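Work out the full structure, taking the sequences as your base and the hints as a guide.
Chains A and B are the protein sequences, given in the same order.
Number 381 in the working numbering belongs to position 376 of the first sequence; there are no gaps in the numbering.
Number 241 in the working numbering belongs to position 236 of the second sequence; there are no gaps in the numbering.
Because the hints were derived from the structure by calculation, they are not lab data.
All values reported here derive from a predicted model rather than from experimental measurement.
Heads up, some of the hints might be wrong.
Identical copies carry no separate label here, and so any pair may be met within one copy or between two of them.
[Said to hold, decoys possible] Once the Cα atoms are required to be at most 16 angstroms apart in a straight line, the calculated EDC-like pairs of lysine to aspartate or glutamate come out as: (1) LYS344 with ASP156; (2) LYS366 with ASP156; (3) LYS210 with GLU402.
Protein chains: 2
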Amino acid sequence: MSNCLIAQSGGPTSVINASLSGVISSSIESSAINTVYGSINGIQGVLNNNLINLSSIFKDSKEKLERLKLTPSMFLGSCRYKLPNIEDDNEQYKLIFDIFKQNDIKYFFYIGGNDSMDTVLKLSQYAKAYKQDVKIIGIPKTIDNDLYGTDHTPGFGSAAKFVATTLLEISYDTYIYDIPSVTIVEIMGRNAGWLTASSALARNKNNSSPDLIYLPEVPFSIAEFIENLKQLQKKKRNIVVAVSEGIKDKNGNYICACQNSTNDKFGHAKLSGTGKTLEDIVCNELNCKVRSIELNVLQRSAMHIASLTDVTESTLVGKKAVEYALEGYTGKMVSIIRKNNNSYEYEITHVDIEKVANKEKRIPGEWISKDKNDITAPLLEYIKPLIYGEPNIEYKEGLPNYININHLFS
Amino acid sequence: MSNCLIAQSGGPTSVINASLSGVISSSIESSAINTVYGSINGIQGVLNNNLINLSSIFKDSKEKLERLKLTPSMFLGSCRYKLPNIEDDNEQYKLIFDIFKQNDIKYFFYIGGNDSMDTVLKLSQYAKAYKQDVKIIGIPKTIDNDLYGTDHTPGFGSAAKFVATTLLEISYDTYIYDIPSVTIVEIMGRNAGWLTASSALARNKNNSSPDLIYLPEVPFSIAEFIENLKQLQKKKRNIVVAVSEGIKDKNGNYICACQNSTNDKFGHAKLSGTGKTLEDIVCNELNCKVRSIELNVLQRSAMHIASLTDVTESTLVGKKAVEYALEGYTGKMVSIIRKNNNSYEYEITHVDIEKVANKEKRIPGEWISKDKNDITAPLLEYIKPLIYGEPNIEYKEGLPNYININHLFS
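Encoded structure:
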């Protein structure tokens, strides 16, 4: 019997701990795995030998595991750490695999997005090149839904449900005054507009907003935006606009106010203020009430409005990761295949990590409307089933009863 | 048999329609009331004779009334319209009471905050002076909880629950990275800090944030704020600050960036950007990750995380308003009395409108901590029971199934 190690990386989602709970429960149940370890703050925790014993925390408590499943944020903490290329510097890899050896780790699970899959790729390449018997499996998560190799990503459905619910409630809020208004809602998604697109789910027979949807896949023109608003104002009093934080002009420059801000460690520009920038522009161009709303980190942390479909799938990809590792697979990411859209059916499989790491899946052109300010019906049908169902959150004194994560800073 | 008329005014709350549902159901049930009318966009709808027949919409549909109860925003729309003083100009009053006469309105219910209670006061004064037999009753609502004459206001509990839940989820979100951070959450409440104070409910045995709470009742010092943060950073890695949008310096100037923006019709400054202003200041003063989050209109529209206690009480104050009007009371606001805090018990009564209109109830000094950056335990105990319970929202295809309010703009 050997041990396994789990870590989480990148930005949180409401359900990344559901995947963790899946890995833990299947590992604990497995006769092939002795102790389940967790690394604190992703791969950095391995480099620092900062591991915790998850078996001892969860072994005898199904109730604790259930609470973990329904707690947002990341029980094991996160990092945004990029491993060097193996050929440039293999010292860190030696250290990581030494730690694995010291702790008899034969299975390593990394829950994350496309940057984290780069870590999975490099570790599995190193293991192969240096004949290390450690199975390396990636478990997808991101609210951005921008991973290749999977129909959609765990975490996206819950974020989409939060965005759609919030857009519905904001739209209702705008209708109450009899004066013209423009409300601009800024939604996360650096280069891929999946989450911004999910705002369209707020439309139903009682609600036609959002009225305009601007995706980062399409160059943004301020002149066309103002023209779109002017045309709409002839027909509608209260206009709601959904806009991605990452929209750029035709030269590739971000529209947001903080274009000159610093990049993060992966070279991504830190974005915010797109909604506020547009608010100021509309204020100057149109004579009406204007408000911008940035949904901010609530998109990735509002477990109280998570999608049950997403919670279930996230748990299952965690469980399947253990199954695949025990079957001997390595250098794989667990993935979801959609079998049938009409009566949403899916199955879980795995995909070579090379096909996933360091790539970004963006919305294809045919799913964007001709006038570039909306999405098409097939994209709506694609997202729709992912927000179905409400998990049974336990409330205590009026608030969700989330699991203790104080070990992250003690 | 006469008719009654209902209108809504001021900013929305998640549960203002619950009060409306209470008025409608009791009016429909009453043998003394014939038809229940609603005025579109508050008192302006009366002046424009823009009334709708609520009896015909809701008479035979308990299911529709239940859906109304659990729909945020305002079914009857809103206005921010201040009636002139009667002695300056009584033409509008003549018109209003003419419309009442034309429609055989003997009972008028106005659901709103302290500005709306000014309308209730003036209409009841006019009715008395000019011997008009119309009973005028105010029904309280505001997320700000700043009304005199009632223990707390309908709408506050749900907003407090949203704020506390969100603060909890944001706090968990901040804990995942092992680098120092300051997260500033901007909360509504122009002059009264009740809603900002409710962020303290997010603290429990697993969570100590928010770490600092800045109320508009206390002059805000940027130097002290930075000093508070520096001291805290010695003990804690990820700091969360709850701040009211309305904090002012010792000279009474708003801290927010938009000090020079326009006032609304009641002379209130339009506030936003306090969090962003503080974010920029902290960025310059401390070497750490800084983020500001503005909770914005979600505080008043997020019915999906409303308080069941609040929904129940809001419905009940609506029902009681009808009871009091039929008993012959006029110039009153329905109010809530707390009988027992230990095992939260309340009863509904009424209060003279003169004691309520145009006043703002702020947090008393003894409920603010000595160092002015937190609240005291009795305030926490006061707010706590108001967020208890979760209403049973109906979901359809993954989203709350709210009532149609398209009549507001058709």
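Here's how the hints hold up against the structure:
1. Taking the closest pair of Cα atoms, LYS344 and ASP156 come within 16 angstroms of each other only inside a single copy of the chain (10 angstroms); across copies the shortest separation is 56 angstroms, beyond that limit.
2. When the C-alpha separation of LYS366 and ASP156 is checked against a cutoff of 16 angstroms, the pair qualifies only within one copy, where the shortest distance is 10 angstroms, while the shortest distance between copies is 54 angstroms.
3. With identical chains, the CA atoms of LYS210 and GLU402 are at most 16 angstroms apart between copies only, with a shortest distance of 13 angstroms across copies and 36 angstroms within one.
Of the numbered hints listed earlier, not one is contradicted by the structure.
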